[in-house]
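So you can see what is in the structure, the chains are spelled out below.
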Amino acid sequence: MNITQPHSQPADRRENRSPRRPWSPYLVGALIGVLSWITFAGMGKALGTSTTMVHVAGLATGVVAPDHVAENAYYSKYLNADAGKNAFNWQFFLVIGLAGGALIAARLFKDTHVETVPALWSKRFGPGKAKRYAAAFAGGVLLLFGARMAGGCTSGHGISGGLQLAVSSWMFFVAMFVSGVAAAFLMFGKERNHVVH
Amino acid sequence: MWSIDPILTVIAGLITGLVFGFLLQRAHVTRYSVILGQFLFRDFTVLKVMLTAIVVGGLGIWTMVSVGMLEPGQMHIKSAYVAPVILGGLIFGVGMAVLGYCPGTGVAALGDGSRHVIPGILGMIVGAAAFAELTPAMDSLLKAGELTVHGSNKITIADAAGVSPWWIMAAVTAVAAIVFYVIERWERRDDKSPPKHTDAGDRPTSTDADSAAAHGS
Chain R
1 MNITQPHSQP
11 ADRRENRSPR
21 RPWSPYLVGA
31 LIGVLSWITF
41 AGMGKALGTS
51 TTMVHVAGLA
61 TGVVAPDHVA
71 ENAYYSKYLN
81 ADAGKNAFNW
91 QFFLVIGLAG
101 GALIAARLFK
111 DTHVETVPAL
121 WSKRFGPGKA
131 KRYAAAFAGG
141 VLLLFGARMA
151 GGCTSGHGIS
161 GGLQLAVSSW
171 MFFVAMFVSG
181 VAAAFLMFGK
191 ERNHVVH
Chain W
198 MWSIDPILTV
208 IAGLITGLVF
218 GFLLQRAHVT
228 RYSVILGQFL
238 FRDFTVLKVM
248 LTAIVVGGLG
258 IWTMVSVGML
268 EPGQMHIKSA
278 YVAPVILGGL
288 IFGVGMAVLG
298 YCPGTGVAAL
308 GDGSRHVIPG
318 ILGMIVGAAA
328 FAELTPAMDS
338 LLKAGELTVH
348 GSNKITIADA
358 AGVSPWWIMA
368 AVTAVAAIVF
378 YVIERWERRD
388 DKSPPKHTDA
398 GDRPTSTDAD
408 SAAAHGS
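Those protein sequence lines, which keep their order, are chains R and W.
Using my numbering, the letters of the first sequence map in sequence onto residues 1 to 197.
Using my numbering, the letters of the second sequence map in sequence onto residues 198 to 414.
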């Protein structure tokens with residue numbers, strides 16, 4: 001196996017003893033579960049991410065059209081200092097911490113994975129940067145539009161909602177998994193044996 | 198509009214995010230190939246992380262509810278409107294397959310070195326803005342298919358089934374254990390087929406221990 005793709009198959013994981021080797025997904029999952037105990041009981045919060053994108057969108061729109069944001073019913077649900085809804089809230093800083101925490105882990109374990117165009121994408125759609133960036137942008141638009149329509153994303157619905165056994169969250173989990181699999185097979189069905197890490 | 202939470206809340210959020218991002222990176226779910234690998238059934242890291250988090254998190258949270266440490270009012274259950282949740286989930290899945298990240302792992306991927314997630318995050322902000330602008334036009338859709346139990350739409354599967362949440366937690370735990378067992382067996386069979394390196398003496402046993410712990414064999 002190629003040394004540049006040390007994590008591609010479970011077999012490689014066993015042979016690769018470097019610190020770059022990922023932790024057991026069961027260990028990480030369990031620790032995220034414990035983290036959710038702390039946020040629920042200690043902070044009165046549930047892990048979530050996508051609402052923060054509404055905050056950023058509202059703040060960005062507010063730079064050019066503050067009145068428009070104030071009049072928008074959806075933004076007003078989340079950005080209303082009078083009602084204690086602060087733009088820079090607990091979850092906003094959680095999202096900043098997400099990038100910081102991953103950066104610390106990547107540096108600490110000498111495991112930074114600089115990626116401009118993923119190998120799988122390149123195999124199917126070519127190595128062009130503009131094409132990949134345009135697709136990533138479009139994917140991001142769909143991702144947040146869907147998340148806000150459903151009322152949460154993989155963390156808020158998937159993990160926090162899943163562990164609370166919420167009906168809405170389990171419906172979301174199944175729907176997003178089914179469409180994710182369908183979309184991935186439509187795009188990469190023929191290339192699926194070339195998933196390299 | 199540019200208001201901020203109390204400093205302790207800010208610090209709590211930041212620390213939570215740092216730990217969360219650290220963990221996501223350590224599982225490599227901050228990687229495009231791991232997310233796409235899940236959707237293509239070539240890598241089951243995402244499912245393992247999520248299901249374990251749900252089981253461990255759920256066992257703790259419901260224990261806290263049972264002993265009165267958490268009041269029912271301290272739960273964060275989202276409203277059950279079937280139409281927007283399903284449609285939103287379907288749109289989300291396509292976005293996740295195209296971008297290769299979800300919002301949380303995407304932001305974490307920024308710290309892990311991903312460059313193409315940057316236009317992806319800009320897209321997320323535009324997607325959120327588009328949703329905010331289009332909300333009035335989608336009013337009926339966003340309220341379609343409401344499910345209620347005793348007049349509330351913030352319902353759990355246990356509420357809907359009229360049983361104790363512990364029955365549902367037991368079922369979720371059992372299903373997760375079976376799923377993990379099947380995945381581990383399947384992955385191990387994959388391992389054995391191509392005879393690559395044969396340095397068996399140098400083989401670390403931690404993966405074996407991990408997987409054994411997961412299905413208790």
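Calculated from the structure, these hints are not laboratory results.
Idealized CB from N, CA, C, for every residue including glycine.
Take these hints with a grain of salt, some might be off.
Quick partial rundown of chain W residues pointing at chain R, CB under 7 Å, derived from the structure [said to hold, decoys possible]: (1) I204; (2) L205; (3) H225; (4) G270; (5) M272; (6) I274; (7) A277; (8) V295; (9) G310; (10) T345; (11) S349; (12) W363; (13) W364.
Hint-by-hint comparison with the structure:
{"no.": "1", "hint": "I204", "result": "10 Å, violated"}
{"no.": "2", "hint": "L205", "result": "9 Å, violated"}
{"no.": "3", "hint": "H225", "result": "4 Å, holds"}
{"no.": "4", "hint": "G270", "result": "10 Å, violated"}
{"no.": "5", "hint": "M272", "result": "6 Å, holds"}
{"no.": "6", "hint": "I274", "result": "5 Å, holds"}
{"no.": "7", "hint": "A277", "result": "4 Å, holds"}
{"no.": "8", "hint": "V295", "result": "3 Å, holds"}
{"no.": "9", "hint": "G310", "result": "4 Å, holds"}
{"no.": "10", "hint": "T345", "result": "10 Å, violated"}
{"no.": "11", "hint": "S349", "result": "11 Å, violated"}
{"no.": "12", "hint": "W363", "result": "10 Å, violated"}
{"no.": "13", "hint": "W364", "result": "10 Å, violated"}
In this structure, the earlier hints numbered 1, 2, 4, 10, 11, 12 and 13 are contradicted, and the remaining ones agree with it.
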